[in-house]
Amino acid sequence: MAPEEIREVIIEILGDIAPDEDLGSLDDAVAFREQLELDSMDFLDIVMELRKRYRVQIPEDEYVQLASMRSTVDYLTPKMSEVAK
Amino acid sequence: MAEAYDTLIIGAGMSGLAAGIRLAYFDQRVGILERHKTIGGLNSFYRAGGRDYDVGLHAVTNFTPKGAKKGPLSRLLRQLRFQWEDFALAPQQQSRIAFPGVNLAFSNDIRLLESEIARCFPHQVAAFANLRSQVLDYDDLDQSAFEISTRKVLGQIFSDPLLIEMLLCPLMWYGNARVHDMDWGQFCIMFRSIFLEGFARPMRGVRLILKHLVKKFRSLGGQLLLRHGVKQIVSEHGRAVGVILDDGREIQAKRILSSAGWVETQRMMGEVDEVGNESAGQLTFIETITTLNCQPAKLGLSDTIVFYNDSDRFDWRPPQHDLCDLRTGVVCSPNNYLYDDNEQLQDGIIRITSIANFDRWSSLAEADYRREKLVWYDRSSDSAVRFVPEFRHHAIDTDMFTPKTIQRFTWHDNGAVYGAPQKRLDGRTQLENVYVCGTDQGFVGIVGAIISGISIANQYCLK
Chain A
1 MAPEEIREVI
11 IEILGDIAPD
21 EDLGSLDDAV
31 AFREQLELDS
41 MDFLDIVMEL
51 RKRYRVQIPE
61 DEYVQLASMR
71 STVDYLTPKM
81 SEVAK
Chain B
1 MAEAYDTLII
11 GAGMSGLAAG
21 IRLAYFDQRV
31 GILERHKTIG
41 GLNSFYRAGG
51 RDYDVGLHAV
61 TNFTPKGAKK
71 GPLSRLLRQL
81 RFQWEDFALA
91 PQQQSRIAFP
101 GVNLAFSNDI
111 RLLESEIARC
121 FPHQVAAFAN
131 LRSQVLDYDD
141 LDQSAFEIST
151 RKVLGQIFSD
161 PLLIEMLLCP
171 LMWYGNARVH
181 DMDWGQFCIM
191 FRSIFLEGFA
201 RPMRGVRLIL
211 KHLVKKFRSL
221 GGQLLLRHGV
231 KQIVSEHGRA
241 VGVILDDGRE
251 IQAKRILSSA
261 GWVETQRMMG
271 EVDEVGNESA
281 GQLTFIETIT
291 TLNCQPAKLG
301 LSDTIVFYND
311 SDRFDWRPPQ
321 HDLCDLRTGV
331 VCSPNNYLYD
341 DNEQLQDGII
351 RITSIANFDR
361 WSSLAEADYR
371 REKLVWYDRS
381 SDSAVRFVPE
391 FRHHAIDTDM
401 FTPKTIQRFT
411 WHDNGAVYGA
421 PQKRLDGRTQ
431 LENVYVCGTD
441 QGFVGIVGAI
451 ISGISIANQY
461 CLK
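Protein chains in written order, with our numbering: chain A, 1 to 85; chain B, 1 to 463.
Hints may be right or wrong, so weigh each one.
What the hints assert, rightly or not - For lysine-lysine, the following DSS-like pairs were computed, each having C-alpha atoms within a straight-line distance of at most 25 Å:
id : chain 1 : residue 1 : chain 2 : residue 2
1  : A       : K52       : A       : K79
2  : A       : K52       : B       : K404
3  : B       : K463      : A       : K79
4  : B       : K231      : B       : K404
5  : B       : K216      : B       : K69
6  : B       : K37       : B       : K211
7  : B       : K215      : A       : K52
8  : B       : K254      : A       : K52
The set of hints was computed from the structure by calculation and includes no laboratory data.
Using the sequences and the accompanying hints, generate a full structural model.
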């Protein structure tokens, strides 16, 4: 999966977790937490959805990599390069 | 042992079903074991004489309107992948705390309560603002502050003891497992859920929420096993390996999440004698349900819920010398919610709840039990009509449940509605893979119970 596809996957997951959020104006450089009403339970869900949908394992001490869209895509790109969309 | 599950959940109430949804959604093999023939636990429903009845809470607390992104309700909807519309919550009209000569009205808008305090307790306005900010500052995750005495905190904030008693009355009624005093953590949770968020109800009652939960759980592959009571949790070397059912069958599991209650779960683990339940909760209730041939508003009762107390002191404890204590009570009418399109329940309904003594109710012989139910139906109605209009001449049907009923269908010791006084916020037990959720973990009410199931499942069963 290419970085742009990974971004789409994350947007899709965020849409399921927080259906009332406006994701169209998301700034990739800014932390999710500062733009969306996401709490720690929601962050766990991003991790769990990636595992459920694409079998990507993210260790607990690396959850911090998922702070913003940019850091998430950067972090996932090597992990998901072999994963088909 | 046959049938291995990733997680076995004991109890198909709000918390067990919510936990089950989370785990099944993330592809675990999950079984929910429920001893009763139906779901719901402490928040259940039944049908009798052609009419639908709710048991348990009078209202869903923690109500926030559609679009609200904060608060427990929006959190649970997101976590369980429900739409706001699924629960079809209609907000309350207005409720009231009624003490002799003083009434404080409140609604889902805190400004009403503020103005009522300004009207009845003009010197306590600043103190109430102070309380409100302390409640907002309370950190849910701080275990050390949870058990501080609420009466002590309120005594430092307010100079008028009557206002303290009036504020404690509804918050204790809707979720305090302790006698007389209340944990500060519980008080803050209840204050937010009732005064800052609010009351609501689906027109079809609690069954609508339960049916959504079950439908989702099953659609995700979860197995709901009714009439499957757990007799024993089997452990080896500090780990649970499975359970033995009432009928002797065994089921294996990698971990167990119990919503049966702390003492009740301890007993399944062989840690408590059959009678050794000193740490179980004591607070339990009778409730009368009267069906009317008209809407309660026609009789002058348009409050959603009235919390009454007949003296300046609110005494929250089980009665020692009688079957019930009628000095305080709650009157609730499910008609008095703002349902969509001004729709209304066909019959008028008035529910009256009073504090009761479990031991006295459960030790009555059958004939005495039936007679006492009639006696206390009248007495609790007599007590309530000091604070709400008389309604009995419009009654077309009545029903009633007692602590004995609650214990019989929920298997909670003493029929305790709010569980044990000592909460287990971390949800852990002495076995490394057995956890508790629900009332004894610390969250009460429908939303609280669901959040409890979700958070314990997330914390221990998913990662």
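For each hint, the structure was consulted:
no.: 1; hint: K52(A) x K79(A); result: holds, 15 Å
no.: 2; hint: K52(A) x K404(B); result: violated, 45 Å
no.: 3; hint: K463(B) x K79(A); result: holds, 19 Å
no.: 4; hint: K231(B) x K404(B); result: holds, 21 Å
no.: 5; hint: K216(B) x K69(B); result: holds, 22 Å
no.: 6; hint: K37(B) x K211(B); result: holds, 15 Å
no.: 7; hint: K215(B) x K52(A); result: holds, 21 Å
no.: 8; hint: K254(B) x K52(A); result: holds, 20 Å
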